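Asker: Sequence:
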Amino acid sequence: MREATSARVAHILREDGFEAYVIHGGLRAWTKAGHPLEPVPSEDLVLLPTFT
Numbered sequence: 001m002r003e004a005t006s007a008r009v010a011h012i013l014r015e016d017g018f019e020a021y022v023i024h025g026g027l028r029a030w031t032k033a034g035h036p037l038e039p040v041p042s043e044d045l046v047l048l049p050t051f052t
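FYI, in my numbering the residues of the sequence shown are 1 to 52.
It should be emphasised that the hints constitute simulated quantities derived from the structure, not laboratory data. On a predicted model such as this, the values are computed, not experimentally measured, just so you know. Positions of the beta carbon are idealized from the N, C-alpha and C atoms, including for glycine.
Distance ranges between label pairs, derived from CB positions:
#, residue 1, residue 2, range
1, V9, L37, 17 to 25 Å
2, K32, T52, 26 to 34 Å
3, A4, E43, 27 to 35 Å
Full structure from sequences and hints, please.
Answerer: What follows is the structure, given as structure tokens:
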């Protein structure tokens, strides 16, 4: 279910001109593979749309 939501968000981002991908396994897989993370300042956080 989460990957389906990620795919929809990535699709919307691509339509808006962003280069977006879905990571199989999500953030957990990304960090387990040793890839870097960056902190996001709280003022840059926004609510994502809710899909029903």
